[in-house]
Amino acid sequence: MAVFLMTVVVMYGLSSCHDPEEPEPYEPTPYYIDIPYGFPTELNIPEDNPMTVEGIALGRALFYDGRLNGRTHPDSLMSCYSCHRQENSFEIGAPRPHPFGVTGHSTHHAMLPMINLVWNPGHFGWNGSVSSIEEDVLGVISDPAEFDSSPEKVVNTIKNISGYPEMFQKAFGTPDVTVDRIAKAIAQFVRTLISSDTRFDRYMRGEEQLTPEELRGFVLFTTEEGADCFHCHGGYGNPLFTTNGFYNNGKDSVFTDPYDRFSVTGNEMDKGAYKATTLRNIEFTGPYMHDGRFETLDDVIEFYSHDLVNSPYIDPLMHHIADGGIQLTPQEKSDLMAFIKTLRDETFIGNPDFGPPEKLPGNNPE
Amino acid sequence: MSNSFIASRYFGNLTILFVATGLLFFSSCKKPEDTPEEKTGKIVFHFTQYNEGAPQRYDTMKYVNAAGNHYLVSEIQYFVSDVKLHRADGGAQLLDQWEDIHYVDTDLEDTQEWKVYDPVEAGDYDKITFTFGICEEKNQSLMFLNPPERDMFWPEYLGGGYHYMKLNGKWLSSDGMVKPFNFHLGIGQIYAGGVIDPDSITGFVQNYFEVELPASSFGINAGETKEFEVRMNVENWFQHPHVYDHDVWGGDIMQKQDAMKLGCENGKEDVFSFGEWKGDN
Numbered sequence: 001m002a003v004f005l006m007t008v009v010v011m012y013g014l015s016s017c018h019d020p021e022e023p024e025p026y027e028p029t030p031y032y033i034d035i036p037y038g039f040p041t042e043l044n045i046p047e048d049n050p051m052t053v054e055g056i057a058l059g060r061a062l063f064y065d066g067r068l069n070g071r072t073h074p075d076s077l078m079s080c081y082s083c084h085r086q087e088n089s090f091e092i093g094a095p096r097p098h099p100f101g102v103t104g105h106s107t108h109h110a111m112l113p114m115i116n117l118v119w120n121p122g123h124f125g126w127n128g129s130v131s132s133i134e135e136d137v138l139g140v141i142s143d144p145a146e147f148d149s150s151p152e153k154v155v156n157t158i159k160n161i162s163g164y165p166e167m168f169q170k171a172f173g174t175p176d177v178t179v180d181r182i183a184k185a186i187a188q189f190v191r192t193l194i195s196s197d198t199r200f201d202r203y204m205r206g207e208e209q210l211t212p213e214e215l216r217g218f219v220l221f222t223t224e225e226g227a228d229c230f231h232c233h234g235g236y237g238n239p240l241f242t243t244n245g246f247y248n249n250g251k252d253s254v255f256t257d258p259y260d261r262f263s264v265t266g267n268e269m270d271k272g273a274y275k276a277t278t279l280r281n282i283e284f285t286g287p288y289m290h291d292g293r294f295e296t297l298d299d300v301i302e303f304y305s306h307d308l309v310n311s312p313y314i315d316p317l318m319h320h321i322a323d324g325g326i327q328l329t330p331q332e333k334s335d336l337m338a339f340i341k342t343l344r345d346e347t348f349i350g351n352p353d354f355g356p357p358e359k360l361p362g363n364n365p366e
Numbered sequence: 367m368s369n370s371f372i373a374s375r376y377f378g379n380l381t382i383l384f385v386a387t388g389l390l391f392f393s394s395c396k397k398p399e400d401t402p403e404e405k406t407g408k409i410v411f412h413f414t415q416y417n418e419g420a421p422q423r424y425d426t427m428k429y430v431n432a433a434g435n436h437y438l439v440s441e442i443q444y445f446v447s448d449v450k451l452h453r454a455d456g457g458a459q460l461l462d463q464w465e466d467i468h469y470v471d472t473d474l475e476d477t478q479e480w481k482v483y484d485p486v487e488a489g490d491y492d493k494i495t496f497t498f499g500i501c502e503e504k505n506q507s508l509m510f511l512n513p514p515e516r517d518m519f520w521p522e523y524l525g526g527g528y529h530y531m532k533l534n535g536k537w538l539s540s541d542g543m544v545k546p547f548n549f550h551l552g553i554g555q556i557y558a559g560g561v562i563d564p565d566s567i568t569g570f571v572q573n574y575f576e577v578e579l580p581a582s583s584f585g586i587n588a589g590e591t592k593e594f595e596v597r598m599n600v601e602n603w604f605q606h607p608h609v610y611d612h613d614v615w616g617g618d619i620m621q622k623q624d625a626m627k628l629g630c631e632n633g634k635e636d637v638f639s640f641g642e643w644k645g646d647n
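Heads up: the protein sequence lines correspond to chains A and Y, in order. This note's numbering applies: residue 1 is where the first sequence begins, and numbers increase by one. This note's numbering applies: residue 367 is where the second sequence begins, and numbers increase by one.
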């Protein structure tokens with residue numbers, strides 16, 4: 001027994017012996033997210049893609065680099081930024097309900113903003129068919145309505161731009177450029193896009209008071225006898241202002257869209273159901289609904305007030321359907337709008353860390 | 367760095383490790399009689415939903431309540447808290463280690479089984495009770511920051527905290543239209559002059575209630591795991607002792623204390639039943 005133990009101990013001693021001359025394995029700098037007041041403490045960060053300072057810097061450069069679609073001709077450049085504009089909460093904004101890609105094809109749906117996606121539980125897009133930001137990036141590359149490219153083309157372009165291999169080295173430990181690493185880096189950057197400084201956030205934190213009109217709107221927002229927005233869009237108890245759930249909210253009685261929530265779940269009751277979008281910065285993300293049918297927020301409030309359409313698939317939370325809507329008076333519509341505008345986050349819109357880097361690797365294409 | 371220095375360092379380390387290993391080896395040797403006798407068991411609760419004696423079916427208009435309303439159920443979400451195991455000697459054990467408020471969601475299978483962390487002292491128990499919803503002291507806003515519990519929040523203007531239950535469905539109303547109903551229970555409000563307006567709220571009503579599970583006596587041995595079914599008999603929310611008529615109360619009741627009172631009194635009566643867990647149906 002003593003010999004055996006001695007052998008084990010010797011082996012342990014030798015295996016733990018690190019040659020001081022040998023360099024330590026490279027580790028990028030961990031990046032930590034400060035959880036804002038009232039926000040969920042559970043973050044959706046994949047175990048195989050921890051956030052790092054260097055990974056985010058690389059992702060930010062790729063996000064804004066028009067060569068990301070694998071093309072270098074000035075007329076063919078397209079990056080995430082081509083459609084995801086910071087000034088529109090990383091959405092394209094009006095007047096383009098359906099953005100189109102490099103070849104002119106349009107996407108199936110209007111856009112969703114990129115905001116607080118680190119708290120999305122893994123159901124991205126209007127119908128929740130995408131399980132991660134990484135998966136979304138990979139889909140964009142080959143989607144004919146977006147980059148209409150290929151992983152090989154993208155990798156070949158990026159790895160031949162001076163400066164990028166070094167950034168990959170810093171982010172991932174080796175200079176290898178792969179499409180998975182591209183997706184991971186962009187996802188890391190997108191997870192930093194956090195909105196938590198609206199007037200309503202400051203009201204929650206006790207730093208600011210809302211006006212009487214805004215408070216009346218808040219009451220309407222969070223009461224069943226009022227507008228009852230909160231069951232799907234959150235409120236004080238859910239400052240993300242979305243449950244990230246999917247609802248048929250009474251827009252139609254006939255459902256022909258092959259990309260609704262039903263197309264993902266196969267559950268009949270999900271026909272015509274789509275993601276309840278976050279209302280943070282909703283002012284900047286029109287046109288509204290999955291098909292961009294409403295140009296303005298006034299149109300949206302009018303719809304919920306008077307124009308709901310019943311169907312067997314309408315969500316049970318739409319309990320005002322029998323009246324055709326929530327029947328708001330002009331004053332109530334004004335109050336509700338005033339509250340919704342307290343969800344404007346100008347800190348987010350203007351945060352320089354979310355904007356383009358000062359210089360892209362290689363010769364800047366734009 | 368000289369080889370002799372490295373060698374002496376290794377042998378120094380080896381001596382320490384060898385002694386430490388030996389100490390660990392000998393310290394882990396105990397006589398069998400020193401092992402403390404296990405005196406506790408474990409409990410697992412399975413939460414199920416039945417309607418008219420059979421497992422609840424969802425999104426099908428196959429049920430008729432005591433008021434004659436044809437209705438369907440889409441989903442049920444609720445809180446069970448402060449579960450107590452009452453011993454024959456009059457004492458009780460509160461299950462509150464790690465989790466004292468348990469969330470059940472008919473759309474989320476993992477919420478329907480609660481493996482209770484608390485060790486349960488071996489012996490005989492007369493009954494099990496729990497709070498339906500959350501008591502006033504514990505029902506504090508922002509105590510659940512993460513979904514799914516987070517999405518049960520009850521608006522600040524209406525009393526704050528969290529819904530006790532959301533039971534969502536649709537009924538065929540007397541005018542022939544299928545309408546949604548949100549049978550939501552939580553903190554009630556008292557409105558001056560009976561006018562439902564948040565500006566006229568003069569007080570709040572804590573509607574949570576204690577449920578005594580019928581025929582819930584049991585015995586548990588040391589080292590044993592007991593699995594129980596806590597069954598919600600959904601139709602009883604609407605029939606006993608009060609007949610609840612959707613045509614009377616409409617689609618939403620969070621601001622209708624009279625409706626929530628009826629619902630809670632029905633819930634206390636015979637909505638929940640209890641039994642040994644016999645596996646999934």
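Misleading hints may appear alongside valid ones.
[Claimed, not checked] Pairs of lysine-lysine, BS3-like flavour, derived with a Cα cap of 27 Å:
| no. | chain 1 | residue 1 | chain 2 | residue 2 |
| --- | --- | --- | --- | --- |
| 1 | Y | Lys428 | Y | Lys592 |
| 2 | Y | Lys481 | A | Lys333 |
| 3 | Y | Lys634 | Y | Lys481 |
| 4 | A | Lys359 | A | Lys170 |
| 5 | Y | Lys450 | A | Lys271 |
| 6 | Y | Lys428 | Y | Lys481 |
[Stated by the list, open to error] Label-pair ranges, simulated between beta-carbon atoms:
| no. | chain 1 | residue 1 | chain 2 | residue 2 | range |
| --- | --- | --- | --- | --- | --- |
| 7 | A | Thr41 | Y | Thr568 | 33 to 39 Å |
| 8 | Y | Ser507 | A | Leu43 | 18 to 24 Å |
| 9 | A | Pro258 | Y | Thr426 | 23 to 29 Å |
[Stated by the list, open to error] Listed below are several chain A residues computed to face chain Y (Cβ distance under 10 Å; list not exhaustive):
| no. | residue |
| --- | --- |
| 10 | Thr72 |
| 11 | Tyr81 |
| 12 | Gly101 |
| 13 | His105 |
| 14 | Ile161 |
| 15 | Arg216 |
| 16 | Thr222 |
| 17 | Asp228 |
| 18 | Leu240 |
| 19 | Val264 |
| 20 | Gly266 |
| 21 | Leu317 |
| 22 | Met318 |
| 23 | Phe354 |
| 24 | Pro356 |
FYI, nobody ran anything at the bench for these hints, they're computed from the structure. Owing to the predicted nature of the structure, the values given are computational and were not obtained by experimental measurement. Ideal Cβ positions, reconstructed from N, Cα and C, are used throughout, including at glycine.
Against the structure, the hints come out as follows:
no., hint, verdict
1, Lys428/Y x Lys592/Y, "violated, 35 Å"
2, Lys481/Y x Lys333/A, "violated, 48 Å"
3, Lys634/Y x Lys481/Y, "holds, 24 Å"
4, Lys359/A x Lys170/A, "holds, 17 Å"
5, Lys450/Y x Lys271/A, "violated, 43 Å"
6, Lys428/Y x Lys481/Y, "violated, 33 Å"
7, Thr41/A x Thr568/Y: 33 to 39 Å, "holds, 36 Å"
8, Ser507/Y x Leu43/A: 18 to 24 Å, "holds, 22 Å"
9, Pro258/A x Thr426/Y: 23 to 29 Å, "holds, 25 Å"
10, Thr72, "violated, 44 Å"
11, Tyr81, "violated, 30 Å"
12, Gly101, "violated, 33 Å"
13, His105, "violated, 35 Å"
14, Ile161, "violated, 41 Å"
15, Arg216, "holds, 9 Å"
16, Thr222, "holds, 4 Å"
17, Asp228, "holds, 7 Å"
18, Leu240, "holds, 9 Å"
19, Val264, "violated, 15 Å"
20, Gly266, "violated, 13 Å"
21, Leu317, "holds, 6 Å"
22, Met318, "holds, 6 Å"
23, Phe354, "violated, 24 Å"
24, Pro356, "violated, 33 Å"
Violated hints, listed in ascending order, are 1, 2, 5, 6, 10, 11, 12, 13, 14, 19, 20, 23 and 24; each of the other numbered hints is respected by the structure.
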